[in-house]
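Given chain S's structure and the hints, the job is docking chain R onto it.
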Amino acid sequence: MSTVAAAHRDDLASKTGMWLFLFTEMLLFGGLFIVYSVYRYINPVAFHLAAKELSVFIGTINTVILLVSSSTIAMSITALQKKNKKLSLLFLGITILLGLAFLVNKYFEWGEHIREHIYPGSPVLALRGHGDVLFYGLYFFMTGLHALHIIVGLVFIIIIAVAIIKTRINSEDYVLLENSGLYWHLVDLIWIFLFPLFYLIT
Amino acid sequence: MKSIENDKNHIIPYRTFLYVLAVLIALTLTSVTLTQISLGTLTVAIALIIAAVKSSFVLRIFMHLKFENKMFSRAVIGVILLLCAVITITLLDYLNR
Numbered sequence: 016m017s018t019v020a021a022a023h024r025d026d027l028a029s030k031t032g033m034w035l036f037l038f039t040e041m042l043l044f045g046g047l048f049i050v051y052s053v054y055r056y057i058n059p060v061a062f063h064l065a066a067k068e069l070s071v072f073i074g075t076i077n078t079v080i081l082l083v084s085s086s087t088i089a090m091s092i093t094a095l096q097k098k099n100k101k102l103s104l105l106f107l108g109i110t111i112l113l114g115l116a117f118l119v120n121k122y123f124e125w126g127e128h129i130r131e132h133i134y135p136g137s138p139v140l141a142l143r144g145h146g147d148v149l150f151y152g153l154y155f156f157m158t159g160l161h162a163l164h165i166i167v168g169l170v171f172i173i174i175i176a177v178a179i180i181k182t183r184i185n186s187e188d189y190v191l192l193e194n195s196g197l198y199w200h201l202v203d204l205i206w207i208f209l210f211p212l213f214y215l216i217t
Numbered sequence: 003m004k005s006i007e008n009d010k011n012h013i014i015p016y017r018t019f020l021y022v023l024a025v026l027i028a029l030t031l032t033s034v035t036l037t038q039i040s041l042g043t044l045t046v047a048i049a050l051i052i053a054a055v056k057s058s059f060v061l062r063i064f065m066h067l068k069f070e071n072k073m074f075s076r077a078v079i080g081v082i083l084l085l086c087a088v089i090t091i092t093l094l095d096y097l098n099r
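Line by line, the protein sequences give chains S and R.
Just so we're on the same page, this note's numbering is the position in the first sequence counted from 1, plus 15.
Just so we're on the same page, this note's numbering is the position in the second sequence counted from 1, plus 2.
Here chain S stands alone, though its shape is the one from the complex (with noise of 0.2 Å):
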């Protein structure tokens, strides 16, 4: 007993305990997905109709936006691996650019459906019945649900990347790091498959 133990640390435990939590988030948003399938099968045509009004255009930016900020983040980890504090920092600062711009993109985008009277408990929705209520409702409750995943995350990314900056997260101890990016890429992962649903299936 010569040597002082050193703080206890265990990264594998780390990451597993940030794997379940995101099983969780796998599992509510699945049930979502569950509850749209069962809804669009019942009102097949109000679904088609509906999803039509969606711009396919400003939902691929947002697509694009968010896998390239899944890729910066990645590399963010390459390099503070490698001992790159201000690559890593560069990185971390696109990637929270990037996750604004998708915030930008769905404020203008749900800005223009309530411009036209589209949103949960709206009167002018109601009366064009039942499919189209329980479709935007879902639209807006699973991309808002989204929406505020983003938000936690870029918050995540910020307090990250402070204590990147304080090196209390450096190239020995990074695990906070990969935590923080296996957050936001399970964001990435939920869009991957909102996009299509809400989007491309007309």
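To be clear, the hints were calculated from the coordinates, so they are not data collected in a lab.
C-beta atoms are modelled at their ideal positions from N, C-alpha and C, and glycine is treated no differently.
Hints should not be assumed to be uniformly reliable.
Claimed, not checked - Quick list of simulated restraints, FRET-style, between CB atoms:
{"#": "1", "chain 1": "S", "residue 1": "F36", "chain 2": "R", "residue 2": "L36", "range": "31 to 37 Å"}
{"#": "2", "chain 1": "R", "residue 1": "I89", "chain 2": "S", "residue 2": "G144", "range": "37 to 43 Å"}
{"#": "3", "chain 1": "S", "residue 1": "D25", "chain 2": "R", "residue 2": "L36", "range": "20 to 26 Å"}
{"#": "4", "chain 1": "R", "residue 1": "A28", "chain 2": "S", "residue 2": "I129", "range": "48 to 54 Å"}
{"#": "5", "chain 1": "R", "residue 1": "A28", "chain 2": "S", "residue 2": "A22", "range": "43 to 49 Å"}
{"#": "6", "chain 1": "S", "residue 1": "K97", "chain 2": "R", "residue 2": "L84", "range": "34 to 40 Å"}
{"#": "7", "chain 1": "S", "residue 1": "V60", "chain 2": "R", "residue 2": "Q38", "range": "16 to 22 Å"}
{"#": "8", "chain 1": "S", "residue 1": "I129", "chain 2": "R", "residue 2": "I89", "range": "27 to 33 Å"}
{"#": "9", "chain 1": "R", "residue 1": "A77", "chain 2": "S", "residue 2": "H132", "range": "44 to 50 Å"}
Positioned in the frame of chain S, the structure of chain R alone reads:
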């Protein structure tokens, strides 16, 4: 594969991520193009298959599953199977009412 399986400091080169990104964007554009053409019920299948392929790239490369302890991959497969089972059983119920 075995040698890097338990190496927690495995460094993935930048170019790997760039290649994967290129593939993911190409798959996205393919999906958009194919679903704009009217293919009937095939559209749903094509869109979901492409989404599944994209997910496997994100999970394996971006989320490092290919290089991590195998426990993670097994658990992820387990959750995906559970989701598929719940979706299938629910739809079987609705389709046969």
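Each hint tested on the structure:
The hint said 31 to 37 Å for the Cβ distance between F36 (chain S) and L36 (chain R), and at roughly 34 Å that hint holds. The hint said 37 to 43 Å for the Cβ distance between I89 (chain R) and G144 (chain S), and at roughly 26 Å that hint is violated. Hint check: D25 (chain S) to L36 (chain R), Cβ distance near 46 Å, so the stated range 20 to 26 Å is violated. Checking the proposed 48 to 54 Å range against A28 (chain R) and I129 (chain S) shows it is violated: the Cβ atoms sit about 34 Å from each other.
At roughly 45 Å, the beta-carbon separation of A28 (chain R) and A22 (chain S) lies within the given 43 to 49 Å, and the hint holds. A beta carbon spacing of about 38 Å between K97 (chain S) and L84 (chain R) agrees with the range 34 to 40 Å that was offered as a hint. In this structure the hint that V60 (chain S) and Q38 (chain R) lie 16 to 22 Å apart at CB holds, the actual value being about 20 Å. Checked against the given bound of 27 to 33 Å, the beta carbons of I129 (chain S) and I89 (chain R), roughly 32 Å apart, stay inside it.
Take A77 (chain R) and H132 (chain S): their Cβ atoms lie about 45 Å apart, and the range 44 to 50 Å holds.
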